[in-house]
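*Asks:* Protein chains in written order, with the working numbering: chain A, 1 to 113; chain B, 1 to 113.
Note that these hints are calculated values from the structure, not bench results.
Mixed in with the good hints, there may be bad ones.
With beta-carbon atoms standing in for the labels, derived distance ranges [claimed, not checked]: (1) A:L27 / B:I60: 12 to 20 angstroms; (2) A:L27 / B:N41: 19 to 27 angstroms; (3) B:Y39 / A:S67: 25 to 33 angstroms; (4) A:T86 / B:H82: 28 to 36 angstroms; (5) B:Q42 / A:I95: 19 to 27 angstroms; (6) B:E71 / A:N26: 35 to 43 angstroms.
Straight-line distance between alpha carbons at most 27 angstroms, and here's what the computed DSSO-like set of lysine-lysine pairs gives [stated by the list, open to error]: (7) A:K71 / A:K57; (8) B:K69 / B:K105; (9) B:K49 / B:K68; (10) B:K105 / B:K68; (11) B:K69 / B:K49; (12) B:K69 / B:K58; (13) B:K49 / A:K71; (14) B:K105 / A:K9; (15) A:K83 / B:K105; (16) A:K14 / A:K57; (17) B:K105 / B:K49; (18) A:K83 / A:K9; (19) A:K57 / A:K9; (20) A:K57 / B:K105; (21) A:K57 / B:K49.
Glycine is no exception: its CB is placed at the ideal position from the N, C-alpha and C atoms.
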Amino acid sequence: DGGITQSPKYLFRKEGQNVTLSCEQNLNHDAMYWYRQDPGQGLRLIYYSQIVNDFQKGDIAEGYSVSREKKESFPLTVTSAQKNPTAFYLCASSITGEGSGYTFGSGTRLTVV
Amino acid sequence: AQSVTQLGSHVSVSEGALVLLRCNYSSSVPPYLFWYVQYPNQGLQLLLKYTTGATLVKGINGFEAEFKKSETSFHLTKPSAHMSDAAEYFCAVTPRGYSTLTFGKGTMLLVSP
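For reference, chain B alone in the conformation it holds in the complex (with noise of 0.2 angstroms):
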């Protein structure tokens, strides 16, 4: 079975700074892994996703990920924060050979001005 704990129900940050929203997953074999944000009382659209190739990926709005198999990780990040990038965060994974997805709980980012 696969799982994602993402660390961090809540993370604050200052406009300009640096995003970092973690992810870990745990998975039998080799994964794809995704990133979703989701505003209010909407569904989710998805940021970028890792399937093979470079493990550096790179997604809309400013955001990549970086996928770490020695780490079991998959951490977002954005250089610099916007206010409009306050939002719930989702990581979800799935095997390969699997169709479903599993999602951890969710980060909420918080912008201050």
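Bound-form chain A, shown alone (with noise of 0.2 angstroms):
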């Protein structure tokens, strides 16, 4: 069955490091997304690709990094310059044309130790 995989389902940090949660996808989908979800505040655009190669930054990019090298993977790097990278991490993909909504990925918690 196609789907998202997002790995690893939980992740621990020390504070300093580096990080990189994986997204991959069968979907044959053009657009892969990264969002980061915290209680209370819904889901916050981190970066978005539309096609392979390219990015853009969303809302709150500062402290992330991502590459598109493949269509099916979209890995995102959490960097120690974000001050507070203790969320949920939600990775999404569509097909490119407008109203086709998102599938998403199981998520994965990062928690800073």
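Assembling the complex is the task here: the two chains are given apart, and the hints tell you how they should meet.
*Replies:* Below is the structure:
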């Protein structure tokens, strides 16, 4: 079955470390997205990519980086510059074209220890 | 810029009662509108969406929503709540011509026996 796989499900990071969250999709979707979810804050857009080798900053890109070397993959790196990285991170994908909506992965919960 | 307001961070109903979750949006151009559901520690699942055509939209699990342009609303309803409906619900908007979704802060639906 097609879908989006995020790994790992839980991740612990020491302060000052960079960590990379994986997101892989086999839906043949062109567009991919990263959102951050905090309690009571809804989902906030970090980065998105509509085509391979191209991506755009979202509303809260500071302290994060991404790459899109393959259509299927859109990894997110949380750098040491992100001051409050503890959150639930969601990856999504969609076909290009308006009104299609997103398919979401099951998320990665990142905790700074 | 677009935005979404979900009235009420928590809504409590009894099993069998009507469910009403409120969503108001702002958008500079005609929007596409979505409702998603999230169970604990999982990703978001699409319930229903409005793109064009009929303003009353039916979704999965007996939910429906009505697009009211004059009220800039897209409220989610279900005639009879079930215990399995207990989850967090997110309304989202994207203006036509845009690819990213803007989410509300979510409403937690609590269902009591």
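*Asks:* Are there hints from earlier that the structure breaks, and if so, what are their numbers?
*Replies:* none
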